[in-house]
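Construct all of the structure, not just a fragment, from the sequences and the given hints.
If you're matching them up, the sequences are chains G and P in order. Residues 1 to 136 in this note's numbering are what the first sequence lists, from first letter to last. Residues 1 to 281 in this note's numbering are what the second sequence lists, from first letter to last.
Everything labelled a hint here was simulated from the structure, so no lab data went into it. Remember, predicted model here, so these are calculated numbers, not experimental data. It is possible that part of the hints are untrue.
As a list, the in silico DSS-like pairs of lysine-lysine whose alpha-carbon atoms are at most 27 Å apart [as the list claims (entries may be wrong)]:
id: 1; chain 1: P; residue 1: Lys199; chain 2: G; residue 2: Lys116
id: 2; chain 1: P; residue 1: Lys154; chain 2: P; residue 2: Lys199
id: 3; chain 1: G; residue 1: Lys19; chain 2: G; residue 2: Lys79
id: 4; chain 1: P; residue 1: Lys44; chain 2: G; residue 2: Lys116
id: 5; chain 1: P; residue 1: Lys44; chain 2: P; residue 2: Lys280
id: 6; chain 1: P; residue 1: Lys199; chain 2: G; residue 2: Lys19
id: 7; chain 1: P; residue 1: Lys280; chain 2: G; residue 2: Lys19
Selected chain P positions facing chain G (Cβ under 8 Å, derived; list incomplete) [to be verified]:
id: 8; residue: Thr10
id: 9; residue: Leu12
id: 10; residue: Ala60
id: 11; residue: Ser217
Ideal Cβ placement from N, Cα and C applies to all residues, glycine included.
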Amino acid sequence: MAKDTQSHGAAAAAEQTDKRMDELMGMLLRAGVVLAAALVFAGGVLYVLRHPFPPVDYRVFQSEPQSLRTIPGILAEAKALHGRGLIQLGLLVLIATPIARVAFSVFAFLYQRDWKYVIFTLIVLSLLIFSLLGRA
Amino acid sequence: MEHLSTIEFTTLIFAGSLLAGFLGALTGLGGGVVVVPMLTLLFKVDVHYAIGAALVSVIATSSGAAAAYVREGYSNVRVGMFLEIATTAGALIGATLVVYLRAPIIAVIFGFVLMYSAIASFGYGMEAEPDVQPNRIATWLRMNSAYPTPSGWKRYYVHGVPLGFSLMFIAGVLSGLLGIGSGAVKVLAMDRAMKLPFKVSTTTSNFMIGVTAAAGSGIYLMRGYIDPGLAMAVMLGVLAGSLTGARVLAVAHVRTLRTVFAVVIGVLAIEMIYSGFTGKF
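Right, here's the structure in full:
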């Protein structure tokens with residue numbers, strides 16, 4: 001009986017931590033999306049103002065230039081306040097948002113001493129980082 | 001199209017994406033799956049640009065919706081994280097495959113997935129009979145959990161982990177290949193194979209869609225498939241449209257509307273397949 005109450009208490013405590021984690025994650029996700037949308041919007045306004053006609057023919061695919069498809073390139077373009085660079089920076093923030101959630105989960109599982117899931121989460125995190133950095 | 005100024009082009013794409021996001025939210029299919037046919041069939045955008053723009057908008061809607069869902073306590077974090085191994089690995093492979101596939105082939109595959117999604121959307125909300133026996137693998141992975149119901153917390157046991165994991169890998173490949181969330185395949189894996197309660201599977205799937213789309217988008221961005229001028233209008237439009245759609249869904253009874261839209265999407269699917277086969281891509 002005493003053991004049962006104790007395990008119930010532990011479960012309730014775990015439930016509480018889960019709930020707090022969930023709330024923090026929710027805030028993180030919302031903040032990421034809002035920041036990304038703001039950057040994309042600001043970049044979009046600059047882009048539309050500075051390019052009277054679209055510089056790209058979308059009917060024929062041509063890979064984006066280096067400056068718009070590498071992290072250093074995008075950072076440089078955004079710093080120079082080029083509209084298209086700012087949009088790409090916003091999209092990078094957007095891509096980083098779920099990645100940040102996964103990184104956050106690593107710590108959450110560490111805190112719960114759930115080693116199995118620490119490993120699973122690290123696998124997911126490394127796949128995500130590889131997608132952004134690996135030139136497959 | 002070539003005579004449109006940037007502001008006209010952007011406004012048109014934004015309006016179309018707004019509608020696509022709205023339809024995606026109402027049908028439960030997601031904005032990405034509606035925006036790609038719109039861009040390719042209506043605006044004649046190359047499918048590589050279209051899937052790049054669609055996939056980033058998938059991250060936006062998924063993360064936005066997950067932020068709202070997360071408080072309700074339905075999602076199963078362990079099931080989600082474990083299956084994300086399969087979906088992210090699949091998405092990396094799918095996004096890498098895009099390079100080797102010509103536009104008409106992508107269009108035909110897209111059409112079939114779209115058709116399946118439209119048909120499957122009629123079955124949303126039907127729950128498999130819950131099993132009361134715990135499953136060995138799921139127990140070892142600590143996946144069994146409980147979710148809130150009006151009459152208190154209800155326990156559930158997770159099943160079919162290997163099958164669910166394999167289906168999730170396919171969902172990931174399709175997400176990376178087509179720039180979509182693959183919601184329909186995820187529902188198949190979690191509702192049918194793993195027997196998760198409907199509310200748990202929808203919220204958990206929403207969480208996973210953002211992570212899966214991020215994996216694919218990373219590859220797309222590095223390969224130069226994401227054009228800022230197009231992605232800007234698509235992402236903002238789909239996001240605004242799906243937020244509005246979710247709000248309408250919360251207050252209105254939309255069963256008839258959903259049927260109409262599912263039929264519209266089925267027609268789009270046939271158009272994609274036809275255009276792909278007749279070489280219009």
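Going down the list of hints, with the structure as the test:
1. Using a Cα cut-off of 27 Å, the hinted pair Lys199 of chain P and Lys116 of chain G holds, with the two alpha carbons roughly 26 Å apart.
2. The hinted pair formed by Lys154 of chain P and Lys199 of chain P meets the criterion: a straight-line CA distance of about 12 Å does not exceed 27 Å.
3. For the suggested pair Lys19 of chain G and Lys79 of chain G, the alpha carbons sit about 38 Å apart, so the restraint of at most 27 Å is broken.
4. The hinted pair formed by Lys44 of chain P and Lys116 of chain G fails the criterion: a straight-line CA distance of about 48 Å is larger than 27 Å.
5. The hinted pair formed by Lys44 of chain P and Lys280 of chain P meets the criterion: a straight-line CA distance of about 9 Å does not exceed 27 Å.
6. As the CA atoms of Lys199 of chain P and Lys19 of chain G are separated by approximately 17 Å, the hinted pair is consistent with the 27 Å bound.
7. The straight-line distance between the Cα atoms of Lys280 of chain P and Lys19 of chain G is roughly 51 Å, outside the 27 Å bound, and the hint therefore fails.
8. A least Cβ separation of about 6 Å between Thr10 of chain P and chain G falls short of the 8 Å threshold, and the interface hint therefore holds.
9. With a least beta-carbon distance of about 11 Å to chain G, the hint placing Leu12 of chain P at the interface is violated under the 8 Å criterion.
10. Checking Ala60 of chain P against chain G: minimum C-beta separation of about 6 Å stays under 8 Å; hint holds.
11. This hint holds: Ser217 of chain P has a C-beta 5 Å from the nearest C-beta of chain G, less than the 8 Å allowed.
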